[in-house]
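Visitor: Protein chains in written order, with this note's numbering: chain A, 65 to 407; chain B, 2 to 664; chain C, 2 to 324; chain D, 14 to 140; chain E, 1120 to 1266.
Hints are computed from structural coordinates only; laboratory data are not their basis. Glycine included, C-beta positions come from ideal geometry on N, C-alpha and C. Among these hints, one or two may not hold up.
Unchecked claim - FRET-style restraints, in silico, Cβ to Cβ: (1) C:Glu-222 to E:Arg-1152: 36 to 42 Å; (2) E:Glu-1224 to B:Glu-59: 38 to 44 Å; (3) E:Arg-1265 to B:Arg-31: 20 to 26 Å; (4) C:Glu-194 to B:Pro-132: 50 to 56 Å.
To be verified - Cut-off 25 Å, straight-line C-alpha distance, at most; resulting in silico cross-link-like pairs (SDA-like, lysine to any residue): (5) A:Lys-110 to A:Lys-258; (6) E:Lys-1238 to B:Thr-402; (7) C:Lys-69 to A:Arg-289; (8) B:Lys-351 to B:Ala-469.
What the hints assert, rightly or not - Partner residues are not named here, just some residues of chain B that face chain E (Cβ under 7 Å, in silico): (9) Ser-515; (10) Asp-517; (11) Gln-631; (12) Glu-658; (13) Ile-662.
For reference, the chains in residue letters:
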Amino acid sequence: MLFLKSADLERFLAAASETRTVYVPVDVEPKKSAYRKWTPGTAVSKGLKTTRSAKDFFFPQTEDLVGFRIENKKIQILDPRGEEEDFAVFGVRACDARSFGILDKVFLSEPVDTYYENRRAHGLILTMTCRRPAETCFCTAFGIDPASPGGDVAFTETADGWYVEAVTERGRDFLAPLGDLFEDRDGSGAEAAKEETRAIMKRLPLADLQTDAFGGGKTKEFFDRPEWASLSEACIGCGTCTFVCPTCQCYDIRDYDTGHGVKRFRCWDSCMYSDFTKMAGGNPRLTQKERFRQRFMHKLVYFPENNGGEFGCVGCGRCLASCPIHMNIVKVMKTLSEGQDES
Amino acid sequence: MQKLGVFVCHCGTNIAATVDVKAVAEALGREPSVVVSTDYPYMCSESGQNLIKDAIREHSLDGVVICSCSPRMHENTFRKAAAQAGLNPYMVEIANIREQCSWIHKDREEATEKAIVLGRAAIAKVLLNTPLTAGESPVTKRALVIGGGIAGIQTALDIAEAGFPVDIVEKEPTIGGKMAQLDKTFPTLDCAACILTPKMVDCAQNENIRILSFSEVEEVTGFVGNFTAKIRRKARYVDETKCTGCGLCTEKCPVKKVPNEFNLGMDNRRAVYIPFAQAVPKVARIDPDWCNMLKNGKCGLCSKVCTVGAIDYKQTDTVLEEHYGAIVAATGYEPIKVDRYGEYAYAQSKDVITSLEFERLTNAAGPTSGTLLRPSDGRHPHTIVFIQCVGSRCTPEMGKTYCSKICCMYTAKHAMLTREKYPDTDVYVFYIDVRTPGKNFDEFYRRAAEEYGVHYIKGAVGKVMPRADGTLDVQASDLIMNEQLHINADLVVLAAAIEPSKTARRLATMLTASMDTNDFFTEAHPKLRPVESPTAGIFLSGVCQGPKDIPETVSQASACAAKVIGLLSKNKLTGNPCVAHSDEWMCNGCSNCASVCPYGAITYLDKDFRMPDRSTKTRRVASVNPAVCQGCGACTVACPSGAMDLYGFSNSQIMAEVDAICK
Amino acid sequence: MQEMMKKRAMELLADGTVTRVIGWRRGEFSYDISPAVFEDAAQIERDFVWDAFCGANVSKYLIRESAKGRVLAFLKPCDAFSMNQLLAEHRVKRENVYLIGIPCAGKADIDRIKARGIDGVTGIEEDGEAFVVHTIYGDERVGRADVLAERCLVCKSKRHPVYDELLGEEGEDLPDDARFAGVEKLEAMTAEERFAFWRGELSKCIRCNACRNVCPACTCENCVFDNPDSGISQKAAADPFEENMYHIIRAFHVAGRCTDCGECSRVCPEHIPLHLLNRKFIKDIDELYGTYRAGEDDETKNPLTSFTEGDAEPAVVRKRGRA
Amino acid sequence: MNNDWKDRIVRMSGAAVQKCMRCGKCSATCPNYGEMEYHPHQFVYMVERGDTERLMASPSIFECLTCFACVERCPRGVEPAKVIEAVRLEVIRQKGANHLKPDDLPAAADEDLPGQALVTALRKFAK
Amino acid sequence: MQVNETGAFVPTVVAFCCNWCSYAGADLSGTNRLQYPSNIKIIRVPCSCRVNPMFILRAFQRGADGVILCGCHPGDCHYTTGNYYTRRRMTLLFSMLDYLGIERERTRVEWVSAAEGQKFAETMKSFAAEIAALGPNRRLEDLRCRK
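One chain only, chain A, in its complex shape (with noise of 0.2 Å):
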């Protein structure tokens, strides 16, 4: 199995530097990180997660779209795009990696979101296992093994370096030039260090957390529950939860005039706003507590009612981290399924 020592990091990312721009967990300050563009010297996060998800990659809060020209009483229509440039994400924890998957049902399924496309073409993710999960992590319950992150090439974190794997083809062909870079060690470290995080999982406060009683097919059961009322009580509507979050992907389209044309660009929404689904004749969803139970609803119930069984939540627990009042899936799973059992 190829292993990459903690000291030959620098080399590895310079030597895949070459080929493409490489992102990597940047401490900005203590204990928060995130992604940066790798340079020589810059030194990589040992963070567990970057505060901000890697979706960010693939699906950036603003993008333009198109843009028009106005000369002269005529109206000509501009492409923005140019080239898009390989990149890699180096250090992307399991649950952001799942959260690609869950991306691509929405963007890449008919019609096809071209510009997502081609990010995600030309972007190879470098995963890595967690060594020292927090309290807020819950990605276990929705079946993700944090030790076994996936991506197109696994690292397996261990003391004194990695376990390097090629998940993809994409991965194998990213590999292969960069041979020399790798000791062979035989697997076994690997595998001790992935029973390590598996057993810290075991032991987190949210180990336990249930999904059973979500999923597809439930919107009757959940959608009226007077428990909504008192959880969306402290909600002050901002969009913390879902700009942090790696599987939120709803935006708007809004022009922009700059003087002499105007950019036609999208910029996440989020369905905590007040504005959110807002149409000429009104707006559907009236208080916080519509907009709130709509976000969960959409993770827990909606989202895998039409992605097979898949909930829209990767359990990374950045909201639970950053919402302004601790309101999270979380307390919202946990009331719900009690109420349910009282029921």
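Use these hints to put chains B, C, D and E onto chain A, whose structure you have.
Guide: Below, chains B, C, D and E without anything else, positioned relative to chain A:
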């Protein structure tokens, strides 16, 4: 898609000489929405206006942009033209390509380019204009004239003659003002009192005129056609309705040493007094600073002698509140204090006097009963020196920057009258320039010099030094002879500059009328609207607007009256529709807007709103009174939610202009 | 204190003074406490919590709650200042709120605990001047002062400018010297340094609107940034300019109204020190127009809706210290 | 008309000769008027006209006492005394005596020389 | 960014002028034929207090290099008090822009009366020169709007 018309004016060569008007019309014609774009030598001319009207009708235009002179000039002209063609007048925008383009740039290419940008900004704005309809408000058919000098008197008489009630508010116990203190008037040498007092009496007798003497305006609120003024009627301790002006009290009053302000302190009056024989109203006043009864409760003589029981020691100030449709400022002037010019020794010598003091010294009702005597020793002066431009035409640090306008003429009058009455007197006038434009003015001055032998010397006086023998050594220069002179004078008369009354500044603030740096009221237009203040409903009469002599003051006062009559004869006024308005759905009732509104135009209502979920919610929201709002826009910025916006200058309109200019 | 609060809440519910109670509800890991509305004694008994992690300012909820009926709110000094400002702006019906002032010894910031490398938290206990943090990786002990929120380290006041009753001892205003240290540090930099600093911070903004939505001064029915008719609505910052624009205008709109409760900085998922913007306005107002504290009372006029004839000219900015 | 000369005098004196409205108050106020061939108002006028030679040749320029009465009294802020001072300087410079250096001072100074003269000299030559 | 024929930077300057004093002052400088640079474009507002900080930021966003706001002298406001509010608002806004590291010279407030045509022209000249010396606005521009 809106249809716009663009009209580019040449203004003869005023614009066309520097701006390529054809290129501007062509470039703007390429803008989206513009369906017609043309140029014309004079857009403001009738044929120019017809061009616009025809285009509006022919192309069914939704908006019009006129590239021409400043909107301050012809905005109304073009709005009216648009209205005549059936377009809402507020769908017109002006791009100022004359004052702010062709006149300030020399390079043709540069000016043309700028004119196009200004045109684009106007197009961007007009696309967001909304048709506006001005509201109407009733007119209170009563005028307030502040100041009872000749200006105020004339204005009030003219307004009253037209049938409208007028109140004259005068801060002194009598009307008459400065003119009442003058002896003769140039260039005809009429006696001032002889021509003024009949007018004062007319005022008193005119049933449309109410004289509020010894009163001051304290507060003015409201707007054109609908002012409310609070007028403080100061206590005079004499019941105006009872006093017959017999003067008994003034003879019996034991306090005799009160400096008489009517004679500029050159003689004395009693503590209870009537300012002068022809005072209107002829009512006594007790001076509380001197009256023993008011100061320490001992005396009461006047009360005893008064046959009608008019004396009222317990009288207090009262405040009268009255509504007016128009307000006239006629606050007049004061001579400046001349003690600051130490070189003239005004403070050292009693024989250095101002021209106004000279008027009193030659007036039959003055301290010397009209005989010209030196204030110091009461002897007849044999050599008199008049000094011109004292404090006029100076740097701001040294005095007033303007010419006081009346000094040349009244000095010629003084010099002439002195020589006529006392031919043994030598009279010198030191001048920088003698300025005598005016009907029969120069002839008057030449008579003084030629027929009366007044010595006019070009040059200033450097120093006046009192000498031991009681005469004054006047050191001056004679620029024609190029020599320094010393004249041994008995009397020196200073032609002090005149300045607006000190009360004018406070009044201007109350009226929200603007003033220049010298505290003269600013007129709405220096040439075309000289008797109106820029603030609607406020009019200007007399010297409060700028130095002028009596004939000029009277003609301006009548002009002012004509404007007031024009206003008062309307039953309704059309307001300015460019006022603030609040979007009730966005307003959160925080009160920020009301706290910056200078007119109190914003109030709050608890209003029921039907919410999208069919519930009813009571919310506190702002409401603007469009008749009171003047459209400054202070509230729009104070409002954090953007609920408050201004018609005619909306957020989106201004931002559209910004965008057009910056792109 | 928590027990006293629960007792008073139950009493006031029972005697009909109020029908609802605003407080804080326990979370999963001790620190993740949510503001909550309680309607009966059982809920209070089970879920009501008051500890060092009850940082959320509950005053803004009273806009909504006071419109529904009589409600009891427990207010920290910070919340009470915000409350008073809301009352001054007629946003809360005073007759519909019953306000109990509660003392505050400063709130802990979980991010500062985690920044010390502590994770896998399962519970936190207060132990005098320290916290014992239980984690799946073992227990950790941290000093209270080391993990207090920034806003609490420079607390402006322990006093409640408005209340119906107080629980515990009333405190006093605290000196302001330390509060503006962060602003002063920036002011001492060159313009280039300041620009670089703010670009670094504001470029992190994801426009989640948490700062705005949590802010007790941001109570517009429809924010200009959400209103398509305002001409400046933005859903995301499509350009660095829009990041600047949003934060400048937001700070400007709350200038003279911001009580410096620090919620904006607390909720920012990107840890942008937003309080430094608001405090800059507070400091400028104090220096130029005299000390003013929003929420102190409901009579003093907001410095942006008042003036004096001798106010400083805008050119004063150009004349300041170094560029 | 010598415009260079005029500009130099105006620059050196900082006086605004064009603001003069010929009232003659400077001359009227001048205590040394009798000793002068040209009087303060004429100085101002001649400078404004660039009338170089006659003025610079006139002993009047050294008759001015620099009492500043004219500066004090001028209603237009023209400052005639400063104009005269500048003309004086110009004369001195033309004579080539514009090179007094601090090092020269000890030799030039004698006990009877008033201290103020030294200060004035330095001020003059520093221009 | 605009460049003239000699290659020198020509800034875009927006001047907000109140209708009663400064706009009239600008007209007067035109009437008196007092020149000032053509890259200054005036926007008429009823009162300086109508100018929302949004407008100033908007101008920078759209490519302005300097923004100047002119109103009646304090105490002379046509609406009595408008410019007093302007003064506070703009002082605080400018201070905030400075705090964010935006060049403090890019913004200015001047009081110009209807009689001060000369002052208007002088002010505009000096402001335009100052902005030209400062160079193009890069810190507060919107790249999408760049020409």
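Visitor: Does each hint fit the structure? Answer for all of them.
Guide: The hints, checked one at a time:
1. One distance hint, 36 to 42 Å for the beta-carbon pair C:Glu-222 and E:Arg-1152, is violated here, with the actual separation near 51 Å.
2. Separated by about 50 Å at the C-beta atoms, E:Glu-1224 and B:Glu-59 break the suggested range of 38 to 44 Å.
3. Hint check: E:Arg-1265 to B:Arg-31, Cβ distance near 23 Å, so the stated range 20 to 26 Å holds.
4. C:Glu-194 and B:Pro-132 have their C-beta atoms about 52 Å apart, which keeps the hinted 50 to 56 Å range intact.
5. With a C-alpha separation of about 17 Å, the suggested pair A:Lys-110 and A:Lys-258 falls inside the 25 Å cut-off, and the hint holds.
6. For the suggested pair E:Lys-1238 and B:Thr-402, the alpha carbons sit about 17 Å apart, so the restraint of at most 25 Å is met.
7. For the hint pairing C:Lys-69 with A:Arg-289, the CA-to-CA distance comes to about 22 Å; that is within 25 Å, so the pair holds.
8. Proposed proximity of B:Lys-351 and B:Ala-469 is supported: the alpha carbons are some 14 Å apart, at most 25 Å.
9. Using the Cβ-Cβ criterion of 7 Å, the hint placing B:Ser-515 at the interface with chain E is satisfied: the shortest such distance is roughly 5 Å.
10. Using the Cβ-Cβ criterion of 7 Å, the hint placing B:Asp-517 at the interface with chain E is satisfied: the shortest such distance is roughly 6 Å.
11. Interface restraint check: B:Gln-631 against chain E, minimum CB-CB distance 6 Å, threshold 7 Å, status holds.
12. Hint status for B:Glu-658: holds, given a least beta-carbon distance of 5 Å to chain E, under 7 Å.
13. For B:Ile-662, the suggested interface contact is upheld, since its CB lies about 4 Å from the closest CB of chain E, less than 7 Å.
Comparing the model with each numbered hint stated earlier shows that hints 1, 2 do not hold.
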